[in-house]
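Since the structure of chain P is provided, determine the placement of chain X on it from the hints.
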Amino acid sequence: MSGIAVSTTINGDDVEYLCQAEETLLDVLRDRLELTGAKEGCGTGDCGACSVMFDGRLVCSCLVLGAEADGCEIETIEGMANGEELHPLQTKFIEHAALQCGICTPGFLIAAKDLLERNPNPTEEEIRFGLAGNLCRCTGYDKIVRAMQDTVKEMKGV
Amino acid sequence: MEFDASYSAKKFKSVGTRPDRPDGVDKVTGRARYGADFNMPGQLIGLILRSPHAHAKIKKIDTSKAEKLKGVKAVITAADLPDLTGGDSDLYDILDNCMARKKALYDGHAVAAVAAIDAKTAKQALKLIKVDYKILPHVTDVDQAVDPKAPLIQEKLVTGGVDPKPTKPSNIANVSQYGHGNTDKGFKSADFIVERNYKTEQTHQGYIEPHACVANVSSDGSADLWVCTQGHFVYRQNCADLLGLDVSKLRVTASEIGGGFGGKTHVWSEPVALALSRKAGRPVKLTMTRDEVFRASGPASATSIDVKIGADKNGVITAAVATLRYSCGPYAGMWAELGAMTSFACYDLKNVKTIGNEVLVNRPKTAAYRAPSAPMAAFAVESAIDELAHKLGMDPVKFRIKNSAKEGSKSSYGPVYGPIGIGPTLEAVKRHPHMKAPLGKNQGRGMACGFWFNFGGQTCSTLNIGADGTATISVGTIDVGGSRASLSLIAAEELGIPYKHIKAVVADTSTLGYNDMTDGSRGTFSSSIATISAARNAVSVMKERAAKTWDIPVENVEWENGHAVAKGKKYGNLPKLSVKDIAAAAGNTGGPIAGHSELVADGAGVSFATHICDIEVDPETGATKVLRYTVVQDAGKAVHPTYVEGQYQGGAAQGIGWALNEEYIYGDDGRLQNSGFLDYRIPVCSDLPMIDTKILEIPNPNHPYGVRGVGETSIVPPLAAVANAVSNAANVRMTHIPMSPPRILAALNAEKN
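Quick mapping for you: the protein sequence lines, in order, are chains P and X. My numbering numbers the first residue of the first sequence as 1 and each following residue consecutively. My numbering numbers the first residue of the second sequence as 1 and each following residue consecutively.
Keep in mind the hints are simulated off the structure, nothing from the lab. Built from N, CA and C at the ideal position, the CB exists for glycine as well. Accuracy of the hints is not assured; some may be wrong.
Below, computed lysine to aspartate or glutamate pairings styled on EDC-like, alpha-carbon distance capped at 16 angstroms [unchecked claim]:
| id | chain 1 | residue 1 | chain 2 | residue 2 |
| --- | --- | --- | --- | --- |
| 1 | X | K11 | X | D581 |
| 2 | X | K548 | X | D581 |
| 3 | X | K625 | P | D31 |
| 4 | X | K123 | P | E22 |
| 5 | X | K500 | X | D118 |
| 6 | X | K120 | P | E73 |
| 7 | X | K120 | P | D31 |
| 8 | X | K391 | X | D118 |
| 9 | X | K500 | P | E22 |
| 10 | X | K70 | X | D118 |
| 11 | X | K308 | X | D191 |
| 12 | X | K503 | X | D118 |
Interface residues of chain P toward chain X, partial, derived using beta-carbon atoms under 7 angstroms [what the hints assert, rightly or not]:
| id | residue |
| --- | --- |
| 13 | Y17 |
| 14 | L33 |
| 15 | A81 |
| 16 | L99 |
| 17 | C138 |
Isolated chain P (complex conformation) (with noise of 0.2 angstroms):
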């Protein structure tokens, strides 16, 4: 049983494995790489507990292919954190109990880093339609959205 050669970046570092075809990025991320931040809510693409960045772009690592990370740059929440230093982002997370349970939380912080790269002075109903594509059952969204408004006004410096 040969697998598929795959060079990527993760994280900014380099890594090489070998995957089967039908293996998603998840599986590897978690199975082969022991990368256990992204988490399997549904691996239909509905919960977004699986969300990486994908060549800058954010995907479900559950609806993308092991084999399809060849030459690309992945992001995952284990490299979210500069060392000891959190992003602003985690660190609102805990002071605003932005989680509970806390397995929704490493996709909420990709989706949430990626928002505010993409619009950092985003409105309430911007916010809530940004992270629409993740669930969570704990909070009720209340306290999720409430760290992305007190992230966006320290990173303004407000």
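Frame of chain P, contents of chain X only:
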């Protein structure tokens, strides 16, 4: 000595503050390990074969081809899980639900399982298992299931709780009755009566993390289970009972849990994983897919509820009756009974009667879902109360205040209330600015009340003082939403040291005594009592150590702000000793310092909430938009107010989803048609507004700090609050939940015609 948990007022230093949670960094960096994030060397992948039929006799299962496939290490059927339940019918139902024995009782019921070297091989093996079914007639609707002509799900089941006992079997497993007074007489003195049937559809807890575990059984009879669960001690007991293992030899370690809401209080695939591991002689990882979670874990009941309430012209309720039919799946449950108990718990009624019917259907076994059974009963009752207020020409808040239960009221389910929060939540709602917010065209406002018992239960904790004066609190209740933060606050409060000096951990089943699971809103309530008790025991030890250091009688030592202080004229000038000082000297004063606590946390204070909801209805499409939402709830004492708010908001959001979108849809073939998050639509961020919260604090007399459970009550009022808002916005009474656009349109059209 038994711990005295009675309330005494005090000024808090740590409790009531809002520090960062201790597991926060792990959870925002992806390092926290959930059920599926754990692996063992040499592990196999387990998969379960499930019935595609709603009701079928299993004539034969041929696993020979699957067993021969290269890479397959074990194939099991019910024969590999022999019946060791010894006449315990509840346990037998769990066994039968984990792996069908004679009949498949719902679409998704497990019939066989495999363990193989990888997922691909395991999938191939499932396809090679041949099951010979004889398809039987099925019933999935709760009202159709009580029809005497309905197919029988358990052929020998005769309804319990009825006198005289029926002579023929039926799908009604049990009937329960609650109430007091004379309702016939009460209705005679009513000037206005509302009588209706209400329906709610089946919903799922919808936790984002599917069930996952890794099981490892050794040939010497010892075993390990890593699992996402709300109750690792309960899982240990169930699994040991079903597998015939010694309880003490099965160690269960709870992972971080990605949501549970009641759904992870029951074992589903864990005994199967253990049985596979036992047969294969290797660790087995078993993770459910989302489709399996919907089809084969435990959703809430579907219900059909008849309510009749009468009031006199002064606005006093004279009688109230509810007959409730709750679906249980194919096994007996006590879901309708919980509905019957909670229906009228908010009110002070002279004449009240509730009858609960537990109805078997060919759907997955019903499990607890956050304040199980109460939201549906509240939907029916609070809708009728609202309609009755309209008939009386009374403001619905004032009507409820007039009839609300208070301290000394005999509850509709029996006990007499102590100090309770229903009146205060209603008064707070009456004064809330939300009630004055302007409403536009096609917009309506609704409000509703809710009740939940809360639970205490068996609990134990151990508090260890470290050599540097910091402390570890080991608890046996799973942290589902931030309880390690609140328990750290409690320990900090008792010891008088900073929150940051406390580390709270959830201990595995081998390192701590038995704990009931995190259900009934008991996590923080019960473990905080055990933590207070353990901390006070540790403080006693530290006082003794200080007395020994000073060589003075321990009666002359007091504990103040994290220090042992010598008292009395003779010793008053001794410099006080900090936890750090005492801990550093522990090796010379008697060894390590710890406090333990084992107790039954009695006296969980009942909990009440009142919610307000504003909705806009599009009369052309039937689509709805939630405009504003407010939760007012009694917390007794909010230990970490931010996480209390989070519980209020989360419950409200789940309730809104239940009210507007969520439902299990079965085809005529008895198969679930929407077993994914695309078609079973839970609320997304853009569906909801901010959810305003107001925490009331009416101390629970049975907790040292006055704490009440806060986790569940918030899901009780929303179904009714949203339904009342939609009914007011659309000017038509909605009696069937969820109020999806087609249902609202149908109601509008029926009204027009």
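Verification of the hints:
In summary, the hint linking K11 (chain X) to D581 (chain X) is not supported, as the alpha carbons are separated by about 26 angstroms, beyond the 16 angstroms threshold. Between the alpha carbons of K548 (chain X) and D581 (chain X) the distance comes to roughly 13 angstroms, so the proposed pair stays at or under 16 angstroms and holds. About 41 angstroms separates the Cα atoms of K625 (chain X) and D31 (chain P), which puts this hinted pair outside 16 angstroms; it is violated. Annotation: proposed proximity of K123 (chain X) to E22 (chain P) holds, straight-line Cα distance about 13 angstroms (limit 16 angstroms).
Between the alpha carbons of K500 (chain X) and D118 (chain X) the distance comes to roughly 43 angstroms, so the proposed pair goes past 16 angstroms and is violated. A hinted pair counts as satisfied when its Cα atoms are at most 16 angstroms apart, and K120 (chain X) with E73 (chain P) does not qualify at roughly 27 angstroms. The suggested pairing of K120 (chain X) with D31 (chain P) holds, with an alpha-carbon distance near 13 angstroms, which does not exceed 16 angstroms. A threshold of 16 angstroms between alpha carbons decides the hint, and for K391 (chain X) with D118 (chain X) the separation of about 65 angstroms lies outside it, so the pair is violated.
About 47 angstroms separates the Cα atoms of K500 (chain X) and E22 (chain P), which puts this hinted pair outside 16 angstroms; it is violated. Of the supplied pair hints, the one linking K70 (chain X) and D118 (chain X) holds, its CA atoms being roughly 11 angstroms apart against a limit of 16 angstroms. For the hint pairing K308 (chain X) with D191 (chain X), the CA-to-CA distance comes to about 13 angstroms; that is within 16 angstroms, so the pair holds. At roughly 38 angstroms between alpha-carbon atoms, K503 (chain X) and D118 (chain X) are farther apart than 16 angstroms, so this suggested pair is violated.
Hint on Y17 (chain P) is violated. Least Cβ distance to chain X is approximately 15 angstroms, over the 7 angstroms limit. At its closest, the beta carbon of L33 (chain P) sits 12 angstroms from a beta carbon of chain X; the interface hint therefore is violated under the 7 angstroms criterion. Annotation: interface hint on A81 (chain P) holds; nearest CB of chain X at approximately 6 angstroms, less than 7 angstroms. Restraint check, L99 (chain P) versus chain X: the minimum CB separation of about 6 angstroms is within 7 angstroms; hint holds.
Given the 7 angstroms rule on beta carbons, the hint for C138 (chain P) holds: about 5 angstroms separates it from the nearest Cβ of chain X.
Checked against the numbered hints above, the structure breaks hints 1, 3, 5, 6, 8, 9, 12, 13, 14 and satisfies the rest.
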